[in-house]
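Line by line, the protein sequences are chains A and B. Be aware that the first sequence starts at 1210, since it is given in my numbering, and climbs by one per residue. Be aware that the second sequence starts at 10, since it is given in my numbering, and climbs by one per residue.
Rather than coming from a laboratory, the hints here were simulated on the basis of the structure. Any given hint might turn out to be false.
[Unchecked claim] Quick list of in silico lysine to aspartate or glutamate cross-link-like pairs, EDC-like style, CA-CA up to 20 Å:
hint	chain 1	residue 1	chain 2	residue 2
1	A	LYS1771	A	ASP1748
2	A	LYS1732	A	ASP1700
3	B	LYS74	A	ASP1521
4	B	LYS84	A	ASP1512
5	A	LYS1351	B	GLU25
6	A	LYS1518	B	GLU87
Please read these numbers as outputs of a predicted model, since none were measured by experiment.
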Amino acid sequence: MELSGSQMVVEALAKENISVVFGYPGGAIMNVYDEIYKQKYFQHILTRHEQAAIHAADGYARSSGDVGVAFVTSGPGFTNAVTGLATAYMDSVPLVVISGQVPISVIGTDAFQEIDAVGISRPCVKHNYLVKDVKDLPRILKEAFFIARSGRPGPVHIDIPKDVTAQNAKFNYPDTIKMQTYKPTYKGNGRQINKAVEAIANSKRPVLYIGGGAINSNASDEVREFAKITGIPAVETLMARGVMGHKNPLLLGMLGMHGCYSANMAMSEADIMIAFGPRFDDRVTGKLNEFAKHAKIIHIDIDPSSIGKIVDVDFPIVGDLKNVVESMIPLAKEKINAEKYKSWRDLLNRYDEIHPLGYKDSDKVLKPQWIIEKTGEMLGDNAFITTDVGQHQMWAAQFYPFSFPRQFITSGGLGTMGFGLPAAIGVKRAFPEKISINFTGDGSILMNVQELMTAVEMNIPVINIILNNKFLGMVRQWQTFFYDKRYSSTDIQKQPNFVKLVESFGGVGFKVKTKNEFNVALKDAIDSKKVAFIDVDIDRFENVLPMVPAGGTLYNMMLEYKE
Amino acid sequence: MENTRRVLSVVVINEEAVLSRISGLFAGRGYNIDSLTVAPVPNTNFSRLTIVTNGNKRVLEQIVKQLHKLIPVYKVIESGEFAEQEMALVKIPLNENFSGLDVMLKAYNGTIASSGENFIVVMVADDAKRIDNFLKAIKKFNPIDMVRSGSVALDV
């Protein structure tokens, strides 16, 4: 059967069981959009900016575990998408992003809306393609989906010149694919796994350091079981929130720069660290030569380059986390006695009692932490939580009671402001029956606020809770701590009327100044089934605490801020 | 950690932009390239690159792993012995006294590659260190211009 390049794209998405795509049309991608118009396999959601199309596909992918798909045109369409690609790449999110390109005959002539797209995307994608011959397109599409979802997942970018989208060729779409040069390792080395479990059995103060790999590998059940059998206390990174579940007695909490005291002390005093798919980010480790310096390190990761990148590892295990932990469980049952670590657990629990995660509530002004806790109390596991980037993101990570993996959707590695609203749209599209909450700030929300139109048009009711301190709060906090309170370009008291703003798009808005108003607003927002802003005035000078200052040591946290 | 020199032989699928993936990887992650040569492997769809780099132990390990991570990379040969050769061309004015040149060329697997009205071009092929030496020694003939190729290496 002969198909045009554009038809091939549509048919390939159908074969990959794609039910929704996000995008924005333009000259070079028009042939593809014409075929999207004619087909019935999937829904196309028009965002109002290309960056948001990628974030929406990203939110869809992170929450569902499926590949997210987005379309953009050449030139500015593509360059707008780059932040989205980089965001997904840093957090290992499977995407296939297809961009239009000027016709092959004019590539290299600085034609209208021409840019070297694959040259730009190369460092922020897992792989990319410039399609020079329509005959290669079926294979490239198949490879793109395979690469995006296998191994360590990531975004794949396909750049298709306009003439290629119009040319015809035979369409053979293979069901399975084998690539000569790309073969991820899924099964861990048995001998190495044995040695690792042996080392844990001989340890006195073990700790589970759980990273985003546990989510990507869908290993939450196995990780929980391993923890239960062994009685080993666990800490989660920002990307791993929800893996253990907030009710789990073995979970100490999040670690790192804004982690809780007991979690950071567990890392600092452990004699062995069992790293389940984290990547030793600098926001986690603090000063490297003091990081977990008494601990032997077991590191399990599907990406060999992740192991030994930051710290020397005693027991490297390359493999899929789910697969590896599955094979560790029977060995652990045989060799490890959970009783042995009781005094270690008691010590860590005592740390938690001495310095629990908390905040001083107030009658006079709303505290952001209270808003997060209250939302958690009201919605719990009925909601997916998306965030933007800044103080509100850390408060959400600290205070929301996450109970299942993929419940918390946040830009961790790249830290992209403007991620929250479009990502929340993707999440809600993947799980229409769940509530999609975006915790955001008065800074972040304006970075992709045009997506209110997308959400209203497509009837995707996401609820944005704006923790409004009239500051670019996280930078303000650093200026308070480290720059002698010189608030350079962070005091943003000039603001839109957020209630009127969302109403003008066709959503509903609530201005909140008291606890009672918040309770009512959140209920009303959910009942309205409309896109909502809840604009909450919070304490302008609240800080995210505790804190390990950049380059500081985990065991030396700033627990409170003293003037 | 101390920096050491490392020769890598990298077999890649000979496709568009593969060289930019590799050079971009080195540039983006701040790795050094001392020299890089590339050519297709006859009768296959592969190309072979020889990269001479330097870095500490962790960096060198990362370079190998990051290269493996690139989709079109088939094989990275890093360990063991390499037969390594580099080439240099040197243009020397004809008005020089050439006494001793012949012996020098012999010592460095050299010959006269080309000649013109006013100059000769000599070529030598040897390992990188000896090419360094040769280029120092040849200075006494007041060379007009010179070029070296970068290493090619084969694991043995």
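Okay, the hints, checked on the actual structure:
1. The straight-line distance between the Cα atoms of LYS1771 of chain A and ASP1748 of chain A is roughly 17 Å, inside the 20 Å bound, and the hint therefore holds.
2. Between LYS1732 of chain A and ASP1700 of chain A, the direct Cα distance comes to roughly 31 Å. Violation of the 20 Å bound is thereby established for this hinted pair.
3. As the CA atoms of LYS74 of chain B and ASP1521 of chain A are separated by approximately 15 Å, the hinted pair is consistent with the 20 Å bound.
4. Simply put, LYS84 of chain B and ASP1512 of chain A have alpha-carbon atoms about 16 Å apart, close enough for the 20 Å limit, and the pair holds.
5. For the given pair, LYS1351 of chain A sits about 19 Å from GLU25 of chain B by alpha-carbon distance, which is consistent with the 20 Å threshold.
6. Proposed proximity of LYS1518 of chain A and GLU87 of chain B is supported: the alpha carbons are some 18 Å apart, at most 20 Å.
Hint compliance for this structure: hint 2 alone is broken.
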